Amino acid sequence: PGEDRAMAEIECRLARGDALGAIHGYASSAVRENYDAALALCEKAGQTELLFNALRGLWNGIYNTGAFAESLPMAERMHALAQQTGELRHWVAAQRSIGSNYLSLNRFEDASAAYRDCIRRGADLPDGAATGYGELPIAVAHGMLSQLEAFAARLDTALALVQRSDHIARTN
1 PGEDRAMAEI ECRLARGDAL GAIHGYASSA VRENYDAALA LCEKAGQTEL
51 LFNALRGLWN GIYNTGAFAE SLPMAERMHA LAQQTGELRH WVAAQRSIGS
101 NYLSLNRFED ASAAYRDCIR RGADLPDGAA TGYGELPIAV AHGMLSQLEA
151 FAARLDTALA LVQRSDHIAR TN
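The numbers in the numbering used here rise by one with no breaks, and the one at position 24 of the sequence shown is 24.
Hints are supplied without guarantee of correctness; some may be wrong.
Pairwise CB distance ranges (calculated) [what the hints assert, rightly or not]: (1) 67 <-> 121: 25 to 31 Å; (2) 156 <-> 70: 33 to 39 Å; (3) 33 <-> 85: 23 to 29 Å; (4) 44 <-> 19: 22 to 28 Å; (5) 22 <-> 67: 16 to 22 Å; (6) 7 <-> 147: 17 to 23 Å; (7) 9 <-> 155: 20 to 26 Å; (8) 108 <-> 160: 16 to 22 Å; (9) 6 <-> 159: 46 to 52 Å.
In short, the hints are calculated from the structure, not lab data. The structure displayed is predicted, hence computed values, not measured ones. For each residue, glycine too, the CB sits at the ideal point set by N, CA and C.
Please model the complete structure; the sequences and the hints are all you need to start from.
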C-alpha cells in the first residue's frame with residue numbers, strides 16, 4: 001500500500017507540474033516546489049523512468065527563471081540518466097536541454113554541438129521525438145540551431161533549419 005501511494009503521488013505531481021506551469025508559468029515557485037517534491041519521491045522509490053520526468057520539470061522551472069548555471073546540472077543529470085537507461089527519447093530531450101543551457105551561457109560552439117547531436121541521434125525517432133509533455137525536442141533543436149547559424153551569418157543554413165523545424169512541428 002505504501003508503494004502504491006508513493007507511485008500515485010509521483011504520477012499526480014508530474015501531471016500537476018505541467019498544469020501549474022500553464023497556470024502560473026514554469027518559472028513559478030509552485031512549479032519548482034512541485035517538481036522538487038516529485039524528484040525526492042522518485043529518488044526514494046527508485047523510479048528511474050519517472051525520475052527523468054521530474055528532472056525535466058525541475059530543469060524547465062529553473063531554466064525559465066534565467067538561472068542558467070543552476071539549471072545546467074539538472075540537464076547534465078538528465079543526460080546521465082538517459083545514458084544509464086539507454087532511453088533514446090530521454091537522451092534527445094536531455095541533449096536539447098543541455099544545448100539550451102549552453103546557448104544561454106554564451107557557449108555557442110558547445111550549444112551547436114549539442115543541438116547537432118540531438119538532431120542526428122533523434123533522426124530515427126518517429127514524431128520528432130515527441131515527449132509526453134508536448135515538446136518536440138528535434139524541432140526545438142532545429143530552431144535553436146538556426147539562431148546560432150544566423151549569428152554566424154550563415155543565413156541560408158539558418159533558413160533551412162527554421163523550415164525543417166516548422167515542418168517537424170506541423171507534421172507532429
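Inset, instruction - Starting from the hint list further up, note which numbers the structure goes against and sort them upward. - result: 6, 7
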